[in-house]
Amino acid sequence: MILWNSILVGFKQIWSYKFRSLLTMLGITLGVSSLIAMSAMVNGMENGMKEGLIASGGLDKVVINDQAVPAWQEHLAEMAPGRTMKDVDALNANGSLLKYVSPQIAISSRYVTRGDNRSRASEITGVTDAALEIDQHKVEFGRWFTEMDNETAAPVCIIGSQIRDDLFGNPDIIGEEIIPLGETVRIGSQLFTIVGMFQHYESEVARTERLAQRALEATLPKGPARAFTNAAPMMMRSNDRSWGPRRGRGGGWAFDRKNSTVYIPLKTALVRFRMAENSLKLDDIDIQVDGFENLEPALQQARNILMITHNGIEDFTFNTQETQSETIEQAIQNTRMSGRLIATIALIVGGIGVMNIMLASISERIREIGLRKAMGATNAAVFIQIIIESLVLATLGGLLGLAASYGVVYVIDSVSTGNAPVIHADAMIVSMIFAMVIGLIAGLYPALKAANLDPIQALRYE
Amino acid sequence: MALVELRNVSKIYQVGDEEIRALDDVTLDIENGEFISIIGPSGSGKSTLMHLLGCLDTPTHGTITLDGIQIQNATSMQLAAIRNRKIGFVFQSFNLLPKLNVAQNVEVPMIYAGVSSRERRERVMEALKRVGLENRAKHRPMQLSGGQQQRVAIARALINRPRIIFADEPTGNLDTHTGEAILNLFRELSQQGSTIVLVTHNPEIAAVTPRRIEIRDGKISINIDKRLAGLE
Numbered sequence: 001m002i003l004w005n006s007i008l009v010g011f012k013q014i015w016s017y018k019f020r021s022l023l024t025m026l027g028i029t030l031g032v033s034s035l036i037a038m039s040a041m042v043n044g045m046e047n048g049m050k051e052g053l054i055a056s057g058g059l060d061k062v063v064i065n066d067q068a069v070p071a072w073q074e075h076l077a078e079m080a081p082g083r084t085m086k087d088v089d090a091l092n093a094n095g096s097l098l099k100y101v102s103p104q105i106a107i108s109s110r111y112v113t114r115g116d117n118r119s120r121a122s123e124i125t126g127v128t129d130a131a132l133e134i135d136q137h138k139v140e141f142g143r144w145f146t147e148m149d150n151e152t153a154a155p156v157c158i159i160g161s162q163i164r165d166d167l168f169g170n171p172d173i174i175g176e177e178i179i180p181l182g183e184t185v186r187i188g189s190q191l192f193t194i195v196g197m198f199q200h201y202e203s204e205v206a207r208t209e210r211l212a213q214r215a216l217e218a219t220l221p222k223g224p225a226r227a228f229t230n231a232a233p234m235m236m237r238s239n240d241r242s243w244g245p246r247r248g249r250g251g252g253w254a255f256d257r258k259n260s261t262v263y264i265p266l267k268t269a270l271v272r273f274r275m276a277e278n279s280l281k282l283d284d285i286d287i288q289v290d291g292f293e294n295l296e297p298a299l300q301q302a303r304n305i306l307m308i309t310h311n312g313i314e315d316f317t318f319n320t321q322e323t324q325s326e327t328i329e330q331a332i333q334n335t336r337m338s339g340r341l342i343a344t345i346a347l348i349v350g351g352i353g354v355m356n357i358m359l360a361s362i363s364e365r366i367r368e369i370g371l372r373k374a375m376g377a378t379n380a381a382v383f384i385q386i387i388i389e390s391l392v393l394a395t396l397g398g399l400l401g402l403a404a405s406y407g408v409v410y411v412i413d414s415v416s417t418g419n420a421p422v423i424h425a426d427a428m429i430v431s432m433i434f435a436m437v438i439g440l441i442a443g444l445y446p447a448l449k450a451a452n453l454d455p456i457q458a459l460r461y462e
Numbered sequence: 463m464a465l466v467e468l469r470n471v472s473k474i475y476q477v478g479d480e481e482i483r484a485l486d487d488v489t490l491d492i493e494n495g496e497f498i499s500i501i502g503p504s505g506s507g508k509s510t511l512m513h514l515l516g517c518l519d520t521p522t523h524g525t526i527t528l529d530g531i532q533i534q535n536a537t538s539m540q541l542a543a544i545r546n547r548k549i550g551f552v553f554q555s556f557n558l559l560p561k562l563n564v565a566q567n568v569e570v571p572m573i574y575a576g577v578s579s580r581e582r583r584e585r586v587m588e589a590l591k592r593v594g595l596e597n598r599a600k601h602r603p604m605q606l607s608g609g610q611q612q613r614v615a616i617a618r619a620l621i622n623r624p625r626i627i628f629a630d631e632p633t634g635n636l637d638t639h640t641g642e643a644i645l646n647l648f649r650e651l652s653q654q655g656s657t658i659v660l661v662t663h664n665p666e667i668a669a670v671t672p673r674r675i676e677i678r679d680g681k682i683s684i685n686i687d688k689r690l691a692g693l694e
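Quick note, the sequences are listed as chains A and B, same order.
Under our numbering, think of the first position of the first sequence as 1, with each following residue one higher.
Under our numbering, think of the first position of the second sequence as 463, with each following residue one higher.
Chain B extracted, bound-state conformation (with noise of 0.2 Å):
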C-alpha cells in the first residue's frame, strides 16, 4: 500500500452561482520515501491538491488515506493531530513566527504534541545540526539570511519526524545560489529516507525530482517518473 493514496478526489468550490472544480477526479498514489514534484500554473489546482494532501482541507468527493488513515471525513481535531505528527510544512515565504528565536520556533510543533520539554530541547539540537544550524539557536529569526530562515523551517518542519514533508515554493523567496542549496538539502533529506513533496510553478525546479507531476484544469496531465523511463 502507498503512503498516500488519492481515489477519484475532486474539489469543487462554490462561487456564488457557479461551480468551480478545482480539482477533478484526481487519482494518485504516493509512495513512500519518494522525491516528488507537483507543478502547474497559478490557477490549476496545485495548492488545492496540496491542501489536501497536507491534511488542511477535506475533499468533496473521493478518498484520501494517508499512512493508512481515511482522512476524507476526519474531524478538524483529527486533521490537526494529523497534521502535527505525520506531515511538515515548509512555506514560500518562511513562516517563522518572529517573537520567538530559532530554538522556540523549530520546537512549537512538538509543544502540539505533548513531548517533555528536556526530549524537546535534544531534539531541537539533533534537528538543526541536520540543517546546519546548531549555533544559531539563540538568534532570531530577522538576524538570519533567507537561506537560513528556510532551514529553521525546514528543522521545524522535520522535528516531529513526520511521514511526508510539503515544501511549497521553497526556493520562491530566495536568490538562485541559495535555492539550489535548500533543493540540495531536501535532496539529502531524500536519500536519508524522506518522503518530500515539491510544489511549484518553474520547470526547473521540478526537474530536480525524480518523479514530477503536472496540473492542468484540476486534472493530472502529466504523470512522468524518471526511473520508470530508465532515465535514472
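Just chain A, with the same shape it has in the complex (with noise of 0.2 Å):
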C-alpha cells in the first residue's frame, strides 16, 4: 500500500515538473533507443552474413589467394608464377578430390552500359563452366558459353537480373519482364552481345513480399506515372533507392551482389583485356571439394600440387569460407561489442542526469523531508519513495525509449542500403531492465541521502 502510494507521489512529482523531468528521461531514453538500434543491426547483418553465405556457393567452397612469399624464400620472391593457367590445368588433370577449378579474371572496369543507362556490377569476370557450378548460378534466359565462344574470346556476356533492371527497367516498375537477348551492351570500349540472364536471386522473404507487391498492383489502374517510368527506368531506380524499404532489401547484399554480376568467357577476358599487359595470372582460382568432409585432404593435394607447379615457391594460400564465415563472425562480435559500449555508456550518462536531478529535487524538499519524517515517515519510507521516483523516472524515460527505438531503426532502414535491421523482443526486455537498474542506482545516494535526514534540521531549513 505505501509502496503503490510511493509510486503514485512518484508519477505526480514528476509531472509536476514536467519539463525538468523530461529532459532527464531524454537520457535514458536515447540510451535505451540505442541499444535496442544497435543490437537491431546486427541482427540485420548476421542475418546478411548467413544469406550471403548461402548465395556466394556452400562450405566446400575454397578460394585460392595470393600470398606473399615466406621470408625464408625471400630471395626467390622474383620467380613466383603467381596464379596461372598452368596451376589450372594441373589441379584439374591431377586433383582428384576437386569437384570444380574454376579460374576467373576480373576486369577492372566496373560499368556496364547501354546508351544512356549506366549499371555498376559488383563483378566482371572471365569464368570457365566451373564458375556456373561453384557459384550456384542459373541461367534462367539464353544460354551459358559455348566452347566456340571461349575459344575465339567472343565478345558475349551473360548478365545478373539488376544489370537488366538498371539498363532496360525494372519488371516491378514497368509492368512487364523484358529479356535482352541479343542485345549490345558496352563494357569498358568493347561492344558485348548478351546471351543469357541469370535468375533473380532473392530470399524467401523478399520473394514473397514481392510477388504481394505486384499482385497488389496489377489490381491498380495504370497511370501516367507508369508511362513516365517506361521512358526513364534509370531515374526511377535513383529514386527507388533513396528511401524506404523497397526494391533490393530485405533481400540483403549478398543477393545484390550477385544480382548485379556479369559474366563473359575467360579467354574473352584474357584476349580483349589483358593482352597488352602480356600477362597470362589470373585473378582468382576458385575450387569446390569433393563433399565437405574431404576438406583438409583435398586441400592437402591441392596444396601439393601448386608446389610442383610454383616450382616449391609458396605464394598462395587457401580461404576456406569457414575462414570467411569465422572474420565475419568476428567483425559482428567487435561490432556488437563497441555498440553496446556506447548505448552502455549512453545510459550511464542517462543514469547520472536522473541522479543530478532527484539530488536537485531532494535538496528542494528538504522541508517536506522533516514534515514526513515529523508526521511518522521512518527513514524506510522516506527512502523507497525517492528510490521509486527515480525509478519511475528511469522507467517512463526507457518505455519511451523502446517506442523511440522503432523509429530510429525505421531512420537507418530507410538510410541505409545494407541489411534491413531486425528488431527483438530479447533486446527490448534486456535493455529497459538495464534503464530500470540504472535508474535504482541512480536513485540509490539521493535517496540514502533523503532518509538520513535529521528531521529537526530538515524541518528548520529554509
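These are calculated hints, taken from the structure and not from any lab test.
Being a predicted model, the structure only gives us computed values, none of them experimental.
Every residue gets a Cβ at the ideal spot worked out from N, C-alpha and C, and that includes glycine.
Possibly wrong hints are sitting among the right ones.
As the list claims (entries may be wrong) - Here are some of the chain B residues that sit facing chain A, going by a computed Cβ distance under 8 Å:
| no. | residue |
| --- | --- |
| 1 | L518 |
| 2 | M539 |
| 3 | N557 |
| 4 | V570 |
| 5 | K681 |
Each of the two chains sits in its own frame; use the hints to bring them together as a complex.
Here it is in C-alpha cells:
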C-alpha cells in the first residue's frame, strides 16, 4: 500500500516538473533506443551474413589467394609465378579430390553501359564452366557460354537481373519482363552481346514481399506515372533507392551482389582485356571440394600440386568459407561489443542525469522530508519514496526509448542500403531492465541522503 | 501516572570544544487532557524541550516516558512510529505540501499508519469538519488564507487521534484576529479532551492556557498552574 502510494507520489512529482523530468528522461530514452537500434542493426548484419554464405556457395568452396612468399623464400620472390592457367590445368588433371576448379579474370572496369543508361556491376569476370557450379548460378534465359565462345574469345556476356533492371527497366516498375537477349551493351570500351541472363536471386522473404506487391499493383489502374517510368527507368531507380525499404532490400547485400554479376568467357577476358599487359596471370582460382568431409585431404592435395607448379615457392594460400564466416562472425562480435559499450555509456550518462535531478529534487524538498518524518515517515519510507521516483523516471524514459527505437530503426532502414535491421523482443526486455537498474542505482545515493536527514534540521531548513 | 514524564532530562550539544547545555536537569509531568504552554525567549531551550517531548530527538541524560513508553533509548524507527500514532504537530509556517490538495495533506499521516483508503476518506472529512473546512477539501493550500491553512494543519495533526498535540508558535504567521480564532480552536479541542502543548515566546498567548511553564537557560524557572492557584 505504501509502495503503491509512493509510485503515485513519484508520478505526481514527475508530472509537476514536466519539462525537467522530460529532459532527464531523454538521457535514458537515448540510451535505451540506441541499445535496441544497435542490436537490431547487428541482427540485420548477421542475417545478411548467413544469406551471403548461402548465396556465395557452400562451405566446400575454397578460394586460392596470392600471398607474399614466406621470409625464408624472400630471395625467390621475383620468381614467384602467381596463379596461372598452368595451376588450373594441373589441378584439373591431378586433383582427384576436387570437384570443380574455376579460374577467373576480373575486368578492372565495373560499368556496363547501354546508351545513356549505366549499371555498376559487382563483378565483371571472365570465367569457365566451373564458375556456374561453384557460385551456384542458374541461367534462366538464353544460354551459357559454348566452347566456341571461349576459343574465339567472342564478345558475349551473361548478366544478372539487376544489370537488366538498370539498363532496360525493372519489371516491378514498368510492369513487364524484358529479356534483353541479343541486345548489345558496352563493357569498358568494347561491345558485347547478351546471350543469357541469370535468374533473379532473392531470399524467401523478399520473394513473397515482391509477389504480394506485384499482385497489389496488378489490381491498380495504369496511370500516367507508369508511362513516365517507361521513358526513364534509370531515374525511377535512383528515386526508388533513396527512401523506404523497397526493391533490393530485405534480400540482403549478398543477393544484391549476386544479381549484379556479369560473366564473360575466360579467354574473352584474357584476349580482349589482358593481352596488352602480356600477363597470363589469373585473378582468382576458386575450387570446390568433392564433399565437405574431404576438405582437409583435398586442400593438402591441392597444395601439393601447386607446390610443384610453383617450383616450391609458396606464394599462395587457401581461404575457406569457414575462415571467411569466422572472420565475419568476429567482425559482428566486435560491432556488437562496441555498440553495447557505446549504448551502455549513453545509459550511464542518462543515469547520472537522473541522479543529478533527484539530488536537486531532494534539496528542494528538505522541509517536506522533515515534515513527513515528523508525521511518522520512517527512514525506510522516505528512502522508498525517493528511489521509486528515480525508478519511475528511468522506467518512463525507457518506455519512451522503446517507442523511439522503432523510429531510429526505421530511419536506419531507410537511409542505409545494407541489411534490414531486425528488432528482437529480448533486446527490448534487456535494455528495459537495464534502464530500470540504472534508475535504481541512480536513486540510491539521493534516497540514502534523504532518508538520513535529521528531521529537526530538515524542518528548520529555509 | 502522567501522560508525559520527564525525569532529570538533559540535552547537551557539543559545538567544537564547547559544551552547550540546551536543557539542564529538567523534571516535568504533563497530565492527560492538559492545556499547557511552554514559554521562553529564543535560545532558552524551549525548542529543544519540544523536540524531546515530540520524539524528534532523544535526551543525553535522563528518562522520558510518553504514554507508558520509554523513549530515551528508542531507535529512529520506533520514534517514527510513536510520532505517527501518538503525536500531532502544528507549525508556525503551516508546512502543508503545496502539490497536494487539502484532503491529501490531511491524509498523509494515515498513509504512514497504513490506514485503508476508505477509512482515510471518512476520517479526512471528519477532521475537516472539526476545523470547519469540510467544503475546502479539493482546494490547494495556496488557494486558502493563512488561518485556513493553519486549520488544515490542525486537522492533519488530529487525524491519527494522537495522545498529545504540539503547536510551535501556531499564531506566529497570522494576524491578531485570525490568531485568536486559532487559539479558540485549540481551547475547543482541549475542552473536547485533547492534550495540547503550545510553544511560544509571546506571554499573551501563553496566558490563554491554564498551566504555564517558563524556560530560561535550559531550566524550568516558573511552573504556574492557575487551577492549583485557585485562579480558575
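> What are the numbers of the hints the structure violates, in ascending order?
Replying inline: 5
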